[in-house]
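Protein chains: 2
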Amino acid sequence: MKKKKPLILVTNDDGVSAPGIAALVEVMRTLGDVVVVAPDKPQSGMGHAITINSTLRINKVKIYGVKEEYSCTGTPVDCVKIAVNKILKQKPDLCVSGINHGSNMSINVIYSGTMSAAVEGAIEGIPSIGFSLCDNSIDADFTASKKIVKAIAKGVLEKGLPKDVCLNVNIPVVKGDEIKGIKVCRQARANWIEELDERFDPSGQPYFWLTGKFENYDKGNKDTDVWALDNNYVSIVPTHFDMTAHESIKQIKKIKF
Amino acid sequence: MKKKKPLILVTNDDGVSAPGIAALVEVMRTLGDVVVVAPDKPQSGMGHAITINSTLRINKVKIYGVKEEYSCTGTPVDCVKIAVNKILKQKPDLCVSGINHGSNMSINVIYSGTMSAAVEGAIEGIPSIGFSLCDNSIDADFTASKKIVKAIAKGVLEKGLPKDVCLNVNIPVVKGDEIKGIKVCRQARANWIEELDERFDPSGQPYFWLTGKFENYDKGNKDTDVWALDNNYVSIVPTHFDMTAHESIKQIKKIKF
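From first to last, the protein sequence lines stand for chains A and B.
With the first letter of the first sequence counted as 1, position 228 gets the number 228 in this note's numbering; the numbers rise by one all the way through.
With the first letter of the second sequence counted as 1, position 169 gets the number 169 in this note's numbering; the numbers rise by one all the way through.
The set of hints was computed from the structure by calculation and includes no laboratory data.
Don't take every hint at face value.
Covered by chain A, according to a simulated footprint, are these stretches of chain B (three or more residues, beta-carbon under 8 Å) [as the list claims (entries may be wrong)]: (1) 44-52; (2) 80-92; (3) 102-110; (4) 161-168; (5) 181-187; (6) 191-203; (7) 229-241.
Within a straight-line C-alpha distance of at most 20 Å, the following computed EDC-like cross-link-like pairs (lysine to aspartate or glutamate) qualify [unchecked claim]: (8) B/250 with A/215; (9) A/253 with B/158; (10) B/89 with A/198; (11) B/89 with A/197; (12) A/89 with B/195; (13) B/147 with B/158; (14) B/222 with A/247; (15) A/86 with B/201; (16) A/60 with A/26; (17) A/222 with B/242; (18) A/163 with A/93; (19) B/5 with B/68; (20) B/180 with B/141; (21) B/60 with A/201; (22) B/150 with B/242; (23) B/60 with A/230; (24) B/86 with A/215; (25) A/60 with A/33; (26) A/89 with B/198; (27) B/89 with A/33; (28) A/250 with B/68; (29) B/254 with A/223; (30) B/147 with B/177; (31) A/89 with B/141; (32) A/256 with B/158; (33) A/254 with B/177; (34) A/86 with B/197; (35) A/91 with B/195; (36) B/159 with A/247; (37) B/183 with B/230; (38) A/86 with B/215; (39) A/60 with B/177; (40) A/60 with B/197.
All residues carry an ideal CB built from backbone N, CA and C; glycine is no exception.
Chain A with its partners taken away, still in its complex shape (with noise of 0.2 Å):
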């Protein structure tokens, strides 16, 4: 009897015809049925957010040619929900977010709509991946991205995740022979420093816009997203949703409140 082929769940959060969704669709397609839910405008930055002071719709689009394809007027956890709860039959077998124009790792991930989206995958018992690329560039190129997306998702698709975890994929931008391989590691501690660039508007009142650099603080440590991918690593970092500080637990008992 034949193998029935996965069903995969395809995601973003810069929205349903960007190149890096389109890199991901035809890596996807090559390994299962395809369908997408994506949003219809770029959603970077939105975390976890979800619309619930508002409506939502899907509107079925016809870019890829696979087998259903939405765009969603909501965030990138909104359209995992919404697939999962409406437009697909049966749960995914994998679910995947990206390829995201830009950087993930360390920090971000906690601000990333792509993450976000894997993580409400993780939420809802599909084996999720958010996969990104580190350039923000729209003519960022997916060559080398593609044959390390594909490697990824087939391991997952073969081997399963451990409950309740997902994948942070980061992928550096080098050319395909000059990547070393796949580390596995942690969520390197960083933040972002000087995040306000202000601005006057013609009638001379300020506006700002967020920004910032990125500051390491966890500089030469080996075991992280950050080091992998200063030294031409893929960095996979499993990442979960449980946000309790389970050390702590002891130490916030001692304080009498």
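On the provided structure of chain A, position chain B as indicated by the hints.
Structure of chain B alone, referenced to chain A:
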């Protein structure tokens, strides 16, 4: 020498004029100098979203008569970033968010604007607490909450918090003398199921509301926030922003990609 008053940053996700933040300001002004920077409109469910594709504005308001008070066009996380990097001359001694109109226990933490503001405070190195009352109503009674908020904020001002850790405090809806005490616990495993309410607009086109039923996968486990709240305890979950599933690194390394 008189001890300097602590500087306290207050924010929320229900908007700068919500009754919950009014209650929080009322308590905080008894503990220190208060600066309010809160969203100019409801931002529930915004998770850790930040505004990167458009601009931000802040506007002085005069609601509470505290040291400084602003509304901000952005998300709760934007409010913390703009307070720390633009408005405040020094790092605050405490950042409090809430009191949220509604529970942020368990998996809600990841969707919560209230808690994301507290997490952002922790990222900025500020002792931070998110407070939520398990009552969504605009008419929620914050009387009992105020006493609890004061006790916990005082404890944190005096003892500090572990590095990179903030507190997720949820308060059950009972009269003050029915609250049994405070439990430091972990985030319960749970999910929202059946999440879409499909409706049709006047022209017959479908649209959706996210909704759902809370499902606790940790039933009976007395070390969780859901158990604490169900049993009339205030729950405190120490919460961090390291999303790494450390215990899975070894297992993922075994997958040959």
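Given hint residue 230 of chain A paired with residue 60 of chain B - CA-CA distance at most 20 Å: violated (43 Å)
Holds or violated: residue 86 of chain A to residue 197 of chain B, with C-alpha atoms at most 20 Å apart: Holds: residue 86 of chain A and residue 197 of chain B sit about 10 Å apart, inside 20 Å.
Hinted pair residue 163 of chain A and residue 93 of chain A, Cα distance within 20 Å: Within the cut-off at roughly 14 Å; holds.
Stated coverage of the segment 161-168 of chain B by chain A [criterion: 3+ residues, CB within 8 Å]: holds (count 6)
Coverage criterion applied to the segment 44-52 of chain B (partner chain A; beta-carbon cut 8 Å; 3 residues): This one holds; 9 residues, not fewer than the three required, reach chain A with a Cβ under 8 Å.
Hint consistency between residue 86 of chain A and residue 215 of chain B [alpha-carbon to alpha-carbon, up to 20 Å]: holds (19 Å)
8 Å C-beta test of the segment 191-203 of chain B against chain A, three or more residues: holds (count 6)
Pairwise hint evaluation, residue 197 of chain B against residue 60 of chain A, where the allowed Cα distance is 20 Å at most: holds (19 Å)
Restraint status (C-alpha distance of residue 250 of chain B to residue 215 of chain A at most 20 Å): violated (27 Å)
Distance restraint between residue 60 of chain A and residue 26 of chain A, which requires alpha-carbon spacing of 20 Å or less: holds (19 Å)
Given pair status - residue 177 of chain B, residue 254 of chain A, alpha carbons within 20 Å: violated (23 Å)
Given hint residue 33 of chain A paired with residue 89 of chain B - CA-CA distance at most 20 Å: violated (55 Å)
Taken one by one, the earlier hints fail for this structure at numbers 8, 22, 23, 27, 28, 31, 33, 39, listed in ascending order.
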